[in-house]
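Enquirer: Those protein sequence lines, which keep their order, are chains W and C. Going by our numbering, 726 is the number at position 726 of the first sequence; the sequence numbering is gapless. Going by our numbering, 7 is the number at position 7 of the second sequence; the sequence numbering is gapless.
Just so you know, the hints here were simulated from the structure itself, not pulled from any lab data. Mixed in with the good hints, there may be bad ones.
All copies of an identical chain are treated as equivalent in the list; a pair is satisfied when it fits inside any one copy or across any two copies.
Unchecked claim - Pairs of lysine to aspartate or glutamate, EDC-like flavour, derived with a Cα cap of 20 Å:
hint, residue 1, residue 2
1, K597, E345
2, K729, E705
3, K68, D557
4, K597, E683
5, K642, D57
6, K60, D583
7, K78, D549
8, K643, D687
There are 2 protein chains.
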Amino acid sequence: MPMEANDEAPPPTEPLLDSHQLLLLRRSASNTTSQVAFVGSNVCPIESLDYEIIENDFFKQDWRSRGKVQILQYIFMKWTLCFLVGIFAGLIGFFNNLAVENIAGMKFVITSNMMLERRYAAAFGVFASTNFVVILFSSLITTFIAPAAAGSGIPEVKAYLNGVDAPRIFSLRTLVVKIVGSITAVSSSLFVGKAEPLVHTGSCIASLLGQGGSKKYGITWGWIRFFNNDRDRRDLVTCGSAAGIAASFRAPVGGVLFAFEEMASWWRSALLWKSFFTTAVVAIVLQGLVDICNSGKCGLFGKEGLIMFDVTSASATYYLADVPPVLVLGVIGGILGSFYNFLLERVLRIYSFIYEKGYAYRILLACSISLFTSCCLFGLPWLATCRPCPTNAGEACPTIGRSGNYKKFQCPPGHYNDLASLFFNTNEDAIRNLFSKGTDTEFHYISILVFFVTCYFLGIFSYGLAAPSGLFVPVILTGASYGRFVGLLMGSHSNLDHGLFAVLGAASLLGGSMRMTVSLCVILLELTNNLLLLPMIMMVLLVSKTVADTFNQNIYDIIMKLKGLPYLEAHAEPYMRQLTVGDVVTGPLQCFNGIEKVRNIVNVLKATGHHGFPVIDQPPVSDSPVLSGLVLRAHLIVLLKKKAFLSTPMLTSSDFMKQFSANDFAKRGSGNNEDIYNIEVTEEEMDMFIDLHPFTNASPYTVVETMSLAKSLILFRGVGLRHLLVVPKTSNWSPVVGILTRHDFMPEHILGLYPSCKRAGGRK
Amino acid sequence: MPMEANDEAPPPTEPLLDSHQLLLLRRSASNTTSQVAFVGSNVCPIESLDYEIIENDFFKQDWRSRGKVQILQYIFMKWTLCFLVGIFAGLIGFFNNLAVENIAGMKFVITSNMMLERRYAAAFGVFASTNFVVILFSSLITTFIAPAAAGSGIPEVKAYLNGVDAPRIFSLRTLVVKIVGSITAVSSSLFVGKAEPLVHTGSCIASLLGQGGSKKYGITWGWIRFFNNDRDRRDLVTCGSAAGIAASFRAPVGGVLFAFEEMASWWRSALLWKSFFTTAVVAIVLQGLVDICNSGKCGLFGKEGLIMFDVTSASATYYLADVPPVLVLGVIGGILGSFYNFLLERVLRIYSFIYEKGYAYRILLACSISLFTSCCLFGLPWLATCRPCPTNAGEACPTIGRSGNYKKFQCPPGHYNDLASLFFNTNEDAIRNLFSKGTDTEFHYISILVFFVTCYFLGIFSYGLAAPSGLFVPVILTGASYGRFVGLLMGSHSNLDHGLFAVLGAASLLGGSMRMTVSLCVILLELTNNLLLLPMIMMVLLVSKTVADTFNQNIYDIIMKLKGLPYLEAHAEPYMRQLTVGDVVTGPLQCFNGIEKVRNIVNVLKATGHHGFPVIDQPPVSDSPVLSGLVLRAHLIVLLKKKAFLSTPMLTSSDFMKQFSANDFAKRGSGNNEDIYNIEVTEEEMDMFIDLHPFTNASPYTVVETMSLAKSLILFRGVGLRHLLVVPKTSNWSPVVGILTRHDFMPEHILGLYPSCKRAGGRK
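Only chain W is shown next, with the shape it has when bound in the complex (with noise of 0.2 Å):
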């Protein structure tokens, strides 16, 4: 894992202790902290973005120049931007339940038929390497196509969100993986899910759009340069993966608030209103679609194509005497929501080893995997003893064929198999069966506790494969069939339908993993389409969430964890209030002067991977050392390339600056920039001169060094900067004393300076 490199750094012994020549001594040393970390299945290096408003000149020509039309372009674009990520959040969203009730249904279908004619080895053979073919498929792309694409997103979505900017997790690549391989993976009978993949092709789309198209492939649109700053994309990506939970759950309301609670770490008012627009177009394109498809014309794809469980009200009375094994329900759910989370931070780990060695071990333990999880789906079915159909089922019985209640399997007619109709299901079919009302007699409770024994187990191992796949679902599925078995174990001790005890179980596991509370609330009442469960599952997810927290964080955030992305937590550690700013900053400082040698900027640019530096005027220009601004790497560049040198050090006349536009300086989407090693400057032109003063930012955000580290971080965070200069507070020799990053915030750095805070801490 990157991070354990940050353990070499020197730990000095008596660190609280502020004797100056430590200080001296530290800030000579540089951040060790890694600049790397896993992006879906590899490693890469990690870039910041830059929410602050950039001010030099160029800048503020650009401002000026902009008239009441441009304001108009710009507000009609970011409407029209969120208004397409919705439709294409829609149709992918559907897209992507069609494909996969087609091809999993089409499997089971096809090995029902099998074993309606006894040939069981010969449905095990088919359903088994159909599996298998799809999972190979899908970690085939995954892994030699666009390997950030494995796994949810989320936490790399979540991360950017929060500043971090990982190239290739919105590439047109890492799309297209995204969309096939979700599909795949979820059609390969896995315990995966398709909610986080698609929130990560929502931001997906929303970060192409954002950024007028493809780069790489040249698929790009000049009319959105406007746009071509990290904050307007920020927001467009929130309102992406606000689409993307609406597109899965058909949930516009829980999509925002998903988006506004787990994903985005800067909110507004105005933002809020666009990201619930954006989740209504994607509503309305599904409903659209889905009252085109219910005329029979998708295949198999039915009335429930969309995840959606009706739980009718008449099921949902409760009395006081039912709360008492609902907060039991609650309290178990924490538990095992966080053990959930234990286990799976293990099996990642381990994973993140094999997939060390080398490629082809990842295929291997996807495919495997899959054997295995066939293996279970076929073969536990047949520990179940049939059961005879009840005289009174709203439905068939037994169903042969996709989907419905009562599974034949292997049972002779007029019986079902309880836990076929559980694991030789979809995921989403099965949910059904779990949540539905007036069934309270289907299911044996040994059937129910083999279900959810390997649902939780098997859901564990799949979620860190080489491949798309998400949690949201597998939770719901374990929760469900644990919440069900307490219903079991209640009897006729409790008046609630043991649909619903499903559906309080489901939310209870959810929220211990997860932890999110309003917009889990929202999205289980979307899905089971009833508000009067409101008051319960509050209840049970305020509980479990409760007791989740006193044993580890949510899963997204050990993920994110695990994974080495730099996240800034809103909140300060304890011990940040007992260090200040100048403790923790390092150097060596690179400045550069007002009008500074190009040699100077093309050595320095290639010997540190800085993306800031302070510009500083030394006398004869001004009477004493006096900081100009900060000018960015990324500006610098663009001056090497342009060539804007000038042969005697003198400041920049204003015609001189005519040959720029600011959009040369805008940043274009993320991605890498422009490499210092590409340009090519001849020796001549290295001993010439560049003003910088017309592109720097000459009103940076400044602290001073005596400031604790908790208050600067409020700033750090609040503003979302990338940069945030440390000044003196005594006049000095130097009017700045260093820069602060997101890495310099990281608890890994401070505590590896200072490991004597460590026991001070504590979580919270």
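Given the structure of chain W, go ahead and fit chain C onto it with the hints provided.
Expert: Only chain C this time, still in chain W's reference frame:
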């Protein structure tokens, strides 16, 4: 209106011409922005809140002294307070309903009985005089006991959460008057609602609990000492406002979203969870109390007591053909809503003129509006012709007594008066009638039209009276009647039930007037208990908000501006990009030396109303003038009170400092702080010194004077500052140029200085 004073600020002739002379001239002028605002119905002085971490030695010591136990105690207290806020808000919400239903219900029972005996004049007499007495009482207590309780309270609470402290809004007196006044105002059959007063009530409870009880009446608890800062109280008040909506509409999720979308200026995930917990408590308390009342122990409080309009799902099937009328509904709703806001603003302006004439006029106005309303409610139904009862009515027709769809009024047996069913009812019952399904033929379209017009205008005239009043319920009522009217017009062209049209009409008018999206959507869903309406409500809200936004702002923002509350917007106006911080900062600046004479401190505190003063170390203490930090007026007053004087100008020893505890400097709650004039300082002491260093915030946030106003606003608003120090670009005679406060960012102040910016401005 207070703002108008700013128009007198001297308009520089060519302000954007950055002449140095002009700059000096302006810096010697002071900010003329008003420091008072309308709070409730009276003009009060307002202060800013301070969310900055004050890093002086005392604060640091206090933090270091906190062990694990104190931190746990703090967290435990936070949750306990949320729990208590939920309990109290739920109880008060329920009690409010109970009282209204019984007072208003009794009134209608008595009048209806008189009507049955054909004693019409006596009935009118009882009806009008009850209304008159009740509103008289309400306006008397509001005017003479707690003027801050007048109106909805939403603008004041919203401003508080933005950092504006109006002392009296959260006092115990205001709380009591708000509760009693709201009950009486709603019972008086005026077109006012209870939702917003309940939000104010919830916030008030939260604030009182957060400061450990009422300071004025000495009911305070000591165990709350960690809550002695504005940040924690802000969080609690946010939870309180969520609890208010949850209590009034039994909409826990809607309450959370309302607090987030409309009320809060700062928000983070942890707060979402806390407010969700609070509203969950409210929901459970309400459920429990309603269960108790269902056994009939609550007088006239029936099952319908808590506003909850069950629109069952049967009526919620719709087709693509129903979309156009729904869109039209949205467009008209947007226009009507923005016109509502426009008219309301005019009426409030007129009212404030009247109010300036004296208290008697306030009460006179309330009483005359009440009389006029009584005349309308009793008189207009006589215009309607009696209609024969439908044969298939689901309930008794005509209903005799309080609630029910078919009011008898003056009609012969077997007939009902459709206009009386709307007018001669509580507002809640009228809404329930309008929302009810299967009653398409109940109302004549002329009746609905008459009701709509009356409602629309009476709602506008009733809001600004000197009594607690809300807009939510009257807007729902008006919108529902307009929606039903559209439904009648559509006739057989639409398959939608007219009850559904009423819901959508209410949504459109709410969207057009309040301009919320997600929160209104969820509140309406929780209110109507029908999730299938979601896509339609979303569509209507989006359309009506979009249409209305082209005309004016949302109603609360309009009222807030009218009241002169200095609300700090999150986004910067375009002209703020063209002005630098140095352009707007005003003087004269009052600074202190690190070791200052008592006389100077006393004189400065008496001469100015500033709340923060830069502390500068001059030679010989340092080599050159150095900014030591910022000292707060409140802390200076503590020092003067505690007589922390030194006979010679020297640095304080640590022994000397032991006489203070961090608790001395804690801010104990909103409200007036100690006045400088109450502190006795002898002539002898006047010549002594105070060492300000240990009490100075040594690391205030600073910006450089060349930073654009827009960029500094991001810092100021993002971090929630009260004072922002402006430092010079180059080392200078003074290390600080000035201090920016909230008032310096107000558009009226900036546009007063630079009137030419106005033309470049425009909304958004």
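Enquirer: Can you give the numbers of the hints that this structure goes against, from lowest to highest?
Expert: 1 and 3
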